[in-house]
Amino acid sequence: MKMWFFSCPSCFLIFIFHVGLLYGSLAGETLQLNDDVLGLIVFKSTLLDPNSKLLSWNEDDNSPCAWEFIKCNPMNGRVSELNLNGLSLSGKIGRGLEKLQSLQVLSLSNNNFTGPISPELALLTNLENLNLSQNGLSGNIPPSISKITSLQFLDLSQNSLSGPVSDTMFDNCGNSLRYLSLSGNFLEGAFPTTVSKCNNLNHLNVSRNHLSGDPGFSGGLWGLTRLRTLDLSHNELSELVPVGISVLHQLKELLLQGNQFSGKLPSDIGYCPHLNKLDLSENLFTGAIPESVQKLNALSFLSLSNNMINGDFPQWISNMSSLEYLDFSGNSIEGTLPDSIGDLKMLKYLSLSGNKLSGKIPKSMVYCTSLSTIRLKENALTGSIPEGLFGIGLEEADFSRNELSGSIPPGSGKFFESLQVLDLSGNNLTGNIPAEVGLFSKLRYLNLSWNNFQSRLPPEVGYFQNLTVLDLRYSALVGSIPGDICDSGSLGILQLDGNSFTGPIPDEIGNCSSLYLLSLSHNNLSGSIPRSLSMLRKLKILKLEYNQLSGEIPQDLGKLENLLAVNISYNRLVGRLPLGNIFQNLDQSSLEGNLGICSPLLKGPCKMNVPKPLVLDPYAYGNQMGGQNRGDETSRSNSKRFKHHRFLSISSIVAISAAALIAVGVMVIALLNASVRRKIAFVDNALESMCSSSSKSGSLATGKLVLLDSKSSPDWTNTSLESVLNKACEIGEGVFGTVYKAPLGGEGRLVAIKKLVTSKILQYPEDFDREVRVLAKARHQNLISLRGYYWTPQLQLLVSDYAPEGSLQAKLHERPSSSPPLSWSTRFKIVLGTAKGLAHLHHAFRPAIIHYNIKPSNILLDENLNPKISDFGLARLVTKLDKHMISNRFQSALGYVAPELACQSLRVNEKCDVYGFGMLILEIVTGRRPIEYCEDNVLILNDHVRVLLEQGNVLDCVDPTLDTYPEEEVLPVLKLALVCTSQIPSSRPSMAEVVQILQVIKTPVPQRMEAY
123 MKMWFFSCPS CFLIFIFHVG LLYGSLAGET LQLNDDVLGL IVFKSTLLDP
173 NSKLLSWNED DNSPCAWEFI KCNPMNGRVS ELNLNGLSLS GKIGRGLEKL
223 QSLQVLSLSN NNFTGPISPE LALLTNLENL NLSQNGLSGN IPPSISKITS
273 LQFLDLSQNS LSGPVSDTMF DNCGNSLRYL SLSGNFLEGA FPTTVSKCNN
323 LNHLNVSRNH LSGDPGFSGG LWGLTRLRTL DLSHNELSEL VPVGISVLHQ
373 LKELLLQGNQ FSGKLPSDIG YCPHLNKLDL SENLFTGAIP ESVQKLNALS
423 FLSLSNNMIN GDFPQWISNM SSLEYLDFSG NSIEGTLPDS IGDLKMLKYL
473 SLSGNKLSGK IPKSMVYCTS LSTIRLKENA LTGSIPEGLF GIGLEEADFS
523 RNELSGSIPP GSGKFFESLQ VLDLSGNNLT GNIPAEVGLF SKLRYLNLSW
573 NNFQSRLPPE VGYFQNLTVL DLRYSALVGS IPGDICDSGS LGILQLDGNS
623 FTGPIPDEIG NCSSLYLLSL SHNNLSGSIP RSLSMLRKLK ILKLEYNQLS
673 GEIPQDLGKL ENLLAVNISY NRLVGRLPLG NIFQNLDQSS LEGNLGICSP
723 LLKGPCKMNV PKPLVLDPYA YGNQMGGQNR GDETSRSNSK RFKHHRFLSI
773 SSIVAISAAA LIAVGVMVIA LLNASVRRKI AFVDNALESM CSSSSKSGSL
823 ATGKLVLLDS KSSPDWTNTS LESVLNKACE IGEGVFGTVY KAPLGGEGRL
873 VAIKKLVTSK ILQYPEDFDR EVRVLAKARH QNLISLRGYY WTPQLQLLVS
923 DYAPEGSLQA KLHERPSSSP PLSWSTRFKI VLGTAKGLAH LHHAFRPAII
973 HYNIKPSNIL LDENLNPKIS DFGLARLVTK LDKHMISNRF QSALGYVAPE
1023 LACQSLRVNE KCDVYGFGML ILEIVTGRRP IEYCEDNVLI LNDHVRVLLE
1073 QGNVLDCVDP TLDTYPEEEV LPVLKLALVC TSQIPSSRPS MAEVVQILQV
1123 IKTPVPQRME AY
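For the sequence shown, our numbering begins at 123 and goes up steadily by one.
Simulated from the structure, these hints should not be mistaken for lab results. Among the clues, some could well be false.
To be verified - For lysine to aspartate or glutamate, the following EDC-like pairs were computed, each having C-alpha atoms within a straight-line distance of at most 20 Å:
| no. | residue 1 | residue 2 |
| --- | --- | --- |
| 1 | K877 | D891 |
| 2 | K482 | E456 |
| 3 | K564 | D629 |
Stated by the list, open to error - Distance windows between CB atoms, simulated:
| no. | residue 1 | residue 2 | range |
| --- | --- | --- | --- |
| 4 | K660 | P531 | 53 to 63 Å |
| 5 | N550 | I1053 | 53 to 63 Å |
| 6 | S602 | K564 | 53 to 63 Å |
| 7 | S602 | P1107 | 41 to 51 Å |
| 8 | Q576 | D465 | 18 to 28 Å |
| 9 | G433 | N207 | 41 to 51 Å |
| 10 | D465 | N554 | 31 to 41 Å |
| 11 | E361 | N554 | 51 to 61 Å |
| 12 | E361 | S443 | 25 to 35 Å |
| 13 | S1108 | N986 | 34 to 44 Å |
| 14 | K564 | A410 | 37 to 47 Å |
| 15 | Q587 | H396 | 36 to 46 Å |
| 16 | K660 | E525 | 35 to 45 Å |
Every residue gets a Cβ at the ideal spot worked out from N, C-alpha and C, and that includes glycine.
Using the sequences and the accompanying hints, generate a full structural model.
This is the structure we're talking about:
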């Protein structure tokens, strides 16, 4: 017996706990004081307490009232409050707590509790405050909570709770419940109208879930006349918002943003006299802003942004004197801004961007002395910027993409101390850039591009202390570039393209230690490229094209390991290129138009500044010795070819070795391919047998279908499940399983169902559930959303969205002749969207989610041909990647597997996905498969493109079905693909960098209006 106690302490405590339950009921009130001790010790025994916060909890004590985080009722000595907020506790909320029969407050928020909410909490009949927020609780909300009739405060927010909210949950709330928050979970379906029984409810927050349909305004919510806060934001709610909101006389906050509400705004919304915050943004509201809104005298926050609201800008806006935040951006509001807008003395944030406003910026706006942010971009505003507007303490001012004229108004000391963002781009501003711009002590972003200043850049521009972005493109600037432009050392982006700058690039440019984008193209710069550029270790993009730069390119630039894109075309440069990965991969368009750069891609002479390159191998650089031994051209060429055979460089040896290794790899893959075909044939026959005859299939245990964000939860029995799979039919197959298409429940919504390879999938439902929920949290517009799963020991299914336009594989290689090919704009959209989806997986999660199998069949397309990445993170569901699965992966993603995985032990990281993405780019641009078997050779796509790039004929590889395409986009995209498929993983960029580069590539050509 003693050994049993020592081997299982928690079992011993639970045993004592049950004895205590029996003995306490017989021994009377005196020994019942020990019930609280026993209950808390049993509760503690199931927890992990890494910081020993519960060290004072001692089972030898007669009372827990002296323990930390415990409060007792002085009248009876029983525990009345248990508050363990933010103690980093983990485990499940187990047994023991129900023994605390006098407990009124139970708060376990901001910990790491997992598992379901225990139904036994309903035994705490005196509980008034229950806070389990900010944990990892999962499963449904137990309906038994409705039995706690004394409950006043219930907070289950920021967990992973799922399923619908039970209709019976509010049956007994009566006059007790005042605060309810279920936000930040995976709740689904319609919110029950029975909430109207909670007569005294003050605060209702169900935001950031997957609730859908009609929320039942008139049927339930409008009946909660004591509501002060109603937050339904960021769900999938739809339907109209009917008139009747005025019955909520006590309402202070109404938050409906991020849904699909449509129709006109309720006309009686202005009859909620206490309304302080109103957010209806990111919906589908139409029509004009109701005039009753002006009656909301207490309103401080008003956002109607990103709807389809039209009509004139309300001239009565000044009546809302309490406004501090006003956002009407992203609508179709017309008209002019009233002069009375200056009466909004308390206004701090004003955003009217993306509308159709016209006229001048009212001068009275200078009286909005509390204003810190003003955004008026993308309208049709005219006239000049009011002078006094730069005299108040603005932190952000964005007037870009209007029709403003005149000069930049002078600022005041207060303005210099506060301003952080200034964007005046895309206007018709003229005159000098004020010298006092250098006095902005906090300015981080300055964009004056696409104006007509016709002035010099003031030397004070180098005084900035915190500037990270300086954009002065196409602003008619003249003179030289100030040498101290980077004295602060914080500048990350410097864009001076399309001006009339003259003189040399200052040597002090090397002080820009944080610079990662330097663009000086389309100017009249002269002199040599300064060697100090090699000090910019973070530099990724360098654009110097269309200038008058001369001399040789500094060889030290080849040491810039982060450099991803370079253009030095149309200058007066000569000599050899730096020995560096990026410079050796530059194509003809990045080099052409110079006097004599030594490159096999260029025609014409190769000029060297040094007369006798004594320290150079005369046979190492091809035509770099063109100035000597000008004998017969044919004889010289033959001599060079002979000597190249005799004296192989190290790079040549490496290239030959790599080619041999690739050839061996292709032979191995071919042998594996034959074996895999036989296995696939066997699997096909087995699946066909399963789908065609359910009577022959083995009996499966009834499983659990968990839907994370669906409106219905069909009960999938063996028969119905087999019926679903049969109806769907197989639509695809991969390493991790077979995919079917099926309608979900009775609503007819199509979903994709992946039947996983059972033998290697996690075999414990808790582990499987945890990993699936991690993947389900990966929500992004370019990722296929995981909607749920089905689990039995014999069968595991994943339920996800169905993509109506099929896969990119089908669009590229299985297109019927009657269907038009993908246009370049669509292909670029697919490339950029896929990059954004992968960047989200790599950078938004720790540890990062690795896709493991990037290829066109895993890039699905929605009805608008937007890319949706599927099958991401499935390696998390596999217990062990055995040799069979690895070989299958190589076969299914032939050409997409990073070389370090093929040649070494398995090491999955983000750079493996980058390699696959690079191959995907090449396939999208060329329309060819990554490996193609010809009659007498094997074509490896990235090697093929790289050779064409070196020969200056890279456009020959572009998909011939593309009738037209912009070379200024196709060329850098191909170069980016080759960088992504570098043999050295560390040379590949991150996906965040890839997205950044693609967005730079998409920057329009230098024509003013095309910039928008």
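Unmet hints by their number, sorted upward, for this structure: Hints 3, 4, 6 and 8 contradicted; others consistent.
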